[in-house]
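Q: Here is what each chain is made of, one letter per residue.
4 protein chains.
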Amino acid sequence: MPLTSEQAAEIEKLRADPQPTHRATAPGIEAHLHTAIPVLDHGLVRVVDYMGDDSAIVQAARVSYGAGTKHVQNDAGLIRYLMRHWHSTPFEMCEIKLHVKLPVFVARQWIRHRTANVNEYSARYSILDREFYIPAPENLAAQSEVNNQGRGAVLEGEEAARVLSMLRDDADRAYDHYEAMLSQDGQQGLARELARMNLPANVYTQWYWKVDLHNLFHFLRLRADPHAQYEIRVYADAIGKVVADWVPHAWAAFEDYRMGGAQLSATGLECVKRMLAGEEMTQETSGMSKGEWREFEGVLRDPA
Amino acid sequence: MPLTSEQAAEIEKLRADPQPTHRATAPGIEAHLHTAIPVLDHGLVRVVDYMGDDSAIVQAARVSYGAGTKHVQNDAGLIRYLMRHWHSTPFEMCEIKLHVKLPVFVARQWIRHRTANVNEYSARYSILDREFYIPAPENLAAQSEVNNQGRGAVLEGEEAARVLSMLRDDADRAYDHYEAMLSQDGQQGLARELARMNLPANVYTQWYWKVDLHNLFHFLRLRADPHAQYEIRVYADAIGKVVADWVPHAWAAFEDYRMGGAQLSATGLECVKRMLAGEEMTQETSGMSKGEWREFEGVLRDPA
Amino acid sequence: MPLTSEQAAEIEKLRADPQPTHRATAPGIEAHLHTAIPVLDHGLVRVVDYMGDDSAIVQAARVSYGAGTKHVQNDAGLIRYLMRHWHSTPFEMCEIKLHVKLPVFVARQWIRHRTANVNEYSARYSILDREFYIPAPENLAAQSEVNNQGRGAVLEGEEAARVLSMLRDDADRAYDHYEAMLSQDGQQGLARELARMNLPANVYTQWYWKVDLHNLFHFLRLRADPHAQYEIRVYADAIGKVVADWVPHAWAAFEDYRMGGAQLSATGLECVKRMLAGEEMTQETSGMSKGEWREFEGVLRDPA
Amino acid sequence: MPLTSEQAAEIEKLRADPQPTHRATAPGIEAHLHTAIPVLDHGLVRVVDYMGDDSAIVQAARVSYGAGTKHVQNDAGLIRYLMRHWHSTPFEMCEIKLHVKLPVFVARQWIRHRTANVNEYSARYSILDREFYIPAPENLAAQSEVNNQGRGAVLEGEEAARVLSMLRDDADRAYDHYEAMLSQDGQQGLARELARMNLPANVYTQWYWKVDLHNLFHFLRLRADPHAQYEIRVYADAIGKVVADWVPHAWAAFEDYRMGGAQLSATGLECVKRMLAGEEMTQETSGMSKGEWREFEGVLRDPA
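Residue numbers (our numbering), protein chains in the order written: chain A, 7 to 310; chain B, 7 to 310; chain C, 7 to 310; chain D, 7 to 310.
For the record, the hints were derived by calculation from the structure and aren't laboratory data. Careful: at least some of the hints might be erroneous.
No copy is singled out in the list; a pair is fine if it fits within one copy or between any two copies.
Capping the alpha-carbon separation at 25 Å, the derived lysine to any residue pairs in SDA-like fashion look like this [unchecked claim]:
1. Lys19 - Glu126
2. Lys247 - Gly163
3. Lys19 - Leu188
4. Lys19 - Thr41
5. Lys296 - Asp191
Values in this document were obtained by computation on a predicted structure and should not be read as measured data.
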């Protein structure tokens, strides 16, 4: 699935040849358009199109609130206000379309975000390329012992070598057999829609993914989070950088209120109030379970 | 709710001053951008922004089907194929944002289309203008006698005059009282969120409405249909003209397969086959109910 | 729109006559089924059907996490964990269907929650009843002076009397004219779909509304909030009581983490840490705007 | 992923022990509850819960259309009317929850239906079982020569044997290595979220899937279609049988209007009219492309 010469030519033309438009343009994202950002070993994120900018968020909010928004002095302040109060609809007025190439096991997590538009490469229809994700040695992590869905230390030495060789060999053999089953050389050739079932989940697929900014922020909040799996987080990080250039005010508000902020429960909030009043709190006096208390302490702990 | 001088200035600037962009542009819709299309007596549709064009549909389909799409010779043919086979996701890759001013009773039908983004003018927050839809005399229709949700002949003479005067007087009085309740002149003034309840459903509201092309086609299929209420149909018709200029191939396919086509049931299809084989069919021999048979005959009847 | 005798009979039958089922049943909500809970002056909420209970949430989570969930000792703890970490899909496994009668201006706010199923009474098709919401005197609030979309003190004396009489008279006159326009007595009679435009936004409509528990919680978080308009908040409160009986563990987690909790921004969290370390903070040293600081102080202030 | 003894005990209890409920019950589906319907070699469909029945559709429609629906004499007729006129919201008032076990490549097609609720077994969190879909010999089809995404004749002899042995061996080896990488016996053990990438797309996963009847019909229209891939069609067929027992009137209308019916384009409809008027039509005179004409003839051709 590298770009066909036809696709490459089309992209080249789009990049070379700016067109005049009466639409709102966002200079910060224009530079990203049609440029592949490499992710993982064979993956990419490429901005195909976008609609709107920070002003489009403000413009939509002002339609809703009319003259009432005048007392907020500037766009950045209004955008912060909207983010703080979960007024999500103005953010839905911006839209982005991305071309993403990604391993199937990442695609399976990604697609759970339902409010988006997707056109994926069809392995029923066409033949997949011999491209598989093989983790870099520093990402070859052991199972976490405290978190069922987390990672622990990096594998080392022989164990790491063994894992990498299994992943490589199995991918290669699976692809050899995929080709052998498809081949019409001296035989009928298995249907593509069947042959694909032999390919492992680290094979690369690609899609066009189109989403509004509110739902993209929701995606980023979950997938750029330290608890997200590394292999999807690197995509979220790459997209985050694009968004920061596209809608800088919205991005700043998102970082402050969503990525860097914290949600306190009623119990946690009560606990903070008592601590501020000078009381010494413990898990026992907090009313929280051990797990909650551990997470609560994590939130309030000073960064090193 | 006429445009504020600020809004007008912003629009003027956008219209005057084309910006270069590396995005796909659709020349046919550029001319519509920011230009208010009048609808009903005080309503409007204005294109605020768009993403994609006919090529974007084709491009997305080719991502899905890969090399397999090559045998379809041209874009128009591929778009027809996609429409015919209900491959809806490539059409979702185009998006449009409209500013619409419309009576509340129309807005209430419109909002039932859930897959869209909306920012509506808030009468909780701001004060509505004295603008009401009063039907033109030729649209003042009697209740249909055959269809509970349809219209019959146009009202005439004294009855028409009486209806118009009731609508006008009640709207005026409701608005006078709205203002009187809101007034802080010598009194506290009722909350806006309460005072608005006195306004009738023909008062105008406005919103930004953003939707992908697939869902817009679904909207147009239902709302540009002859059975749709006239007051929403005129909006659908105005939008349809914009879409025809924006994505001419997709529009042509939509007209052929959705607007002008027909859905036959298994029973209806069987009936057509027997008619083509020379059999004389009646409601009784068709296996259809009277209502179905009447609709079936309507579909096959020659246009006058 | 009171219940027809047919509807009443149907409901009576359903209430009288329990049926055996192999589905999960939730005893706490069975008692609510088919019983109208009065809201406002003519409104109601009635539970028509439900699917699932607290165990259904746990069951779905255990499908996802498999044996990994065993270390959470009990259902309540697992449900708290899911709520705390925004694992929303298990809550989507419960569903509720409500019959709601409500003023049109409330319905217009309500319908903005898009992820739900709705069948509304059609005033295109049928004739609305003479039922209008007229606020009780204690809910007749003045416009807030600090919040554009809020309420201030209760109106008093002559002003209150004047508002009530305007609302009553205008509603009555609008309905008289609605009937006069529809009448086929000696005239053709205006189409229903047109005549309805004369009715003010406090006229009652009704619908069936079906929603999953995750989206219902989202609705309740926004609409049971003290900043929500009173007239929708009373519906949210009535529904909240039903939910508390239906899924008591999920409700308790929702109250702790959503309704009673607080969202801190990165800036706010940093500020709390410095306060806990003994620093005296002010708006100026906090890095927050005046509005944010006011809200931040509100969150940390002791309840009276 | 066979049922745990705990799950099996829970199901046993639910089946043994009917509970009284005041909800609407649908006797035809009660018998299916909690009973696994086998699909493919290791897959299953199991009805976990449902809401509503044919009467619930009628009830919702009558809320919308009020007294206006009285002229339709019976429930079956009203349901047919709703289906014929694409009045989809009453069908959304029924809901079903299924437990499905299915190969990953089928799950990837299935999940493209976005309007549904899903909880899938997490291979990040838990370990997948050694269960792979291996096609029965009669389903081992060659690539179609006319349709890029279709199947041709069944593979025979040596070629079939070779394919089956590749699929079996690769699955086995992939699973052996999956276990070897996970093993903590004398080594750290690779994280589950990484090890899963070695498993091919015919490995089985499972999920709870909850959907309303309208969206389920949309799923069935596409997936029970003869052009759908066999491996998803067998799931659609199994679900279709359950739906036929659950809501027999809605199912009959769906079969007549959706599954057995046909969509004619404006061009196709014009062509039918001319044929009925006695004209001999050909592809050239029809105005259709070759592909369209072939499909058009297919629709009108007598069944053998």
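Q: Evaluate each hint against the coordinates.
A: Taking the hints in turn, this is what the structure says about them:
1. Lys19 - Glu126: within (24 Å within a copy, 39 Å between copies)
2. Lys247 - Gly163: neither (35 Å within a copy, 55 Å between copies)
3. Lys19 - Leu188: Neither: 35 Å inside a chain and 48 Å across chains, both beyond 25 Å.
4. Lys19 - Thr41: The answer is within: 12 Å in one copy meets 25 Å, while 30 Å across copies does not.
5. Lys296 - Asp191: Result: close neither inside a copy nor across copies, 64 Å intra and 30 Å inter.
Checked against the numbered hints above, the structure violates hints 2, 3 and 5; every other hint is satisfied.
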